[in-house]
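J.: Each chain, letter by letter, is given below.
Protein chains: 2
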Amino acid sequence: MNSTRDIDALIEMMAKLPGLGPRSARRAVLHLIRKRELLLMPLADQMQRVAATARECENCGNVGTTELCDICTAEKRANGQICVVEDVADLWAMERSQVFKGRYHVLGGTLSALDQIGPEQLRIPKLIDRIDTEQITEVILAVGATVDGQTTAHYIADQLEGRVRLTSLAQGVPIGGELDYLDDGTITAALNARKDI
Amino acid sequence: MNSTRDIDALIEMMAKLPGLGPRSARRAVLHLIRKRELLLMPLADQMQRVAATARECENCGNVGTTELCDICTAEKRANGQICVVEDVADLWAMERSQVFKGRYHVLGGTLSALDQIGPEQLRIPKLIDRIDTEQITEVILAVGATVDGQTTAHYIADQLEGRVRLTSLAQGVPIGGELDYLDDGTITAALNARKDI
Ligand SMILES: [Zn+2]
Ligand SMILES: [Zn+2]
Numbered sequence: 001m002n003s004t005r006d007i008d009a010l011i012e013m014m015a016k017l018p019g020l021g022p023r024s025a026r027r028a029v030l031h032l033i034r035k036r037e038l039l040l041m042p043l044a045d046q047m048q049r050v051a052a053t054a055r056e057c058e059n060c061g062n063v064g065t066t067e068l069c070d071i072c073t074a075e076k077r078a079n080g081q082i083c084v085v086e087d088v089a090d091l092w093a094m095e096r097s098q099v100f101k102g103r104y105h106v107l108g109g110t111l112s113a114l115d116q117i118g119p120e121q122l123r124i125p126k127l128i129d130r131i132d133t134e135q136i137t138e139v140i141l142a143v144g145a146t147v148d149g150q151t152t153a154h155y156i157a158d159q160l161e162g163r164v165r166l167t168s169l170a171q172g173v174p175i176g177g178e179l180d181y182l183d184d185g186t187i188t189a190a191l192n193a194r195k196d197i
Numbered sequence: 001m002n003s004t005r006d007i008d009a010l011i012e013m014m015a016k017l018p019g020l021g022p023r024s025a026r027r028a029v030l031h032l033i034r035k036r037e038l039l040l041m042p043l044a045d046q047m048q049r050v051a052a053t054a055r056e057c058e059n060c061g062n063v064g065t066t067e068l069c070d071i072c073t074a075e076k077r078a079n080g081q082i083c084v085v086e087d088v089a090d091l092w093a094m095e096r097s098q099v100f101k102g103r104y105h106v107l108g109g110t111l112s113a114l115d116q117i118g119p120e121q122l123r124i125p126k127l128i129d130r131i132d133t134e135q136i137t138e139v140i141l142a143v144g145a146t147v148d149g150q151t152t153a154h155y156i157a158d159q160l161e162g163r164v165r166l167t168s169l170a171q172g173v174p175i176g177g178e179l180d181y182l183d184d185g186t187i188t189a190a191l192n193a194r195k196d197i
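Those protein sequences? They're chains A and B, same order as listed.
In terms of the UniProt record's numbering, the first sequence is residues 1 to 197.
In terms of the UniProt record's numbering, the second sequence is residues 1 to 197.
Dumping the calculated DSS-like pairs for lysine-lysine here, alpha-carbon to alpha-carbon at most 25 Å:
1) A:K126 - A:K101
2) B:K126 - B:K76
3) A:K76 - A:K126
4) B:K126 - B:K101
5) A:K126 - B:K35
6) A:K76 - A:K101
7) A:K16 - B:K16
8) B:K35 - B:K16
9) A:K35 - A:K16
10) B:K16 - A:K35
11) A:K16 - B:K35
12) B:K76 - B:K101
13) B:K126 - A:K35
What follows is a set of in silico ranges between Cβ atoms, one per label pair, in the way DEER data are often shown:
14) B:E95 - A:K101: 49 to 59 Å
15) B:R5 - A:E12: 27 to 37 Å
16) A:Y181 - B:E134: 47 to 57 Å
Quick partial rundown of chain A residues pointing at chain B, CB under 7 Å, derived from the structure:
17) A9
18) M13
19) R36
20) L43
21) M47
Think of the hints as simulated: they come from the structure by calculation, not from any bench.
All C-beta atoms in this analysis are idealised placements derived from N, C-alpha and C, irrespective of residue type, glycine included.
So here's chain A without its partners, still in its complex pose:
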């Protein structure tokens, strides 16, 4: 169908989003076309706006629209504590629980020999820098309870041993569980019951 090739192309792009397959992409595009002025046009504009302004925080790896993110520049947040997470979705999950008032460090993944992801790819050197420059006294390793997550936690713990208090989320993180799947209460319980490593 020739005159629908723009629509087909849009469906193909939408189907690449995580959580959307071809079928839900088709449904979503039909919905967008039906709600052209109410949804499709504003959504296209908003995507363009985010594409133009979204960037990674140079300090912690969070996403925002400024060189340093809102959390890194917030005066009301506690200094001295850094919560290390694998990705921005995990940071957002922590923020939704509203229990942690310190700063974050987003690794951008986990160490993985298989995928050739070493400390440099994970912003670990930057984390080590921050210990001194921000006078950090505690690093909470809030990485997933997966094999790669735990390998990453141990690597970071080795690097920082003796320089800061090292803790990890304890209760409530299920084996193989990812932070972003957890409810706020579980995250709160896990943070409050954090243990020294």
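The hints should help you fit chain B with the ligands onto chain A, whose structure is shown.
T.: Frame of chain A, contents of chain B with the ligands only:
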């Protein structure tokens, strides 16, 4: 978080799409930001393009980018047969099966007393017009086997009785379908329509 309000707004819009909740919208937006040049920018452009060109076919209700859609104007398709579907997603599903070579008519829903959807809202008058103008001999009522779908089918059948051959899709066990997964109504229909081997 102030500087992320554009990102939050994008997540909120994405969460309104069918099949995406808040969580998958967050995942999708993070994925888009990570793939800014490869995915976010082209997707925003493509949405803008579709928003500017997509329209409903004036004859059948299909979506396309022209006054009459590709199916209505295709010379190679058979005249005389119209397949009536509830929405464009159903038309696309029929087209993927590549078995129907006639024309379509998209109702845009089903009759519903509760939602105050009458024949006028469903393009039924236009369907009745087409019987004469396109010399239709058969109308295939490919609407859903729901209460509203069947009410709609009966209404249309009443209007067209004696003027065309009226048919509906056979009900039964889907290819590869396991009995254990089917609802009782489907099994009943399949049994009642059983054929000699
Ligand atoms: Zn930051
Ligand atoms: Zn058409």
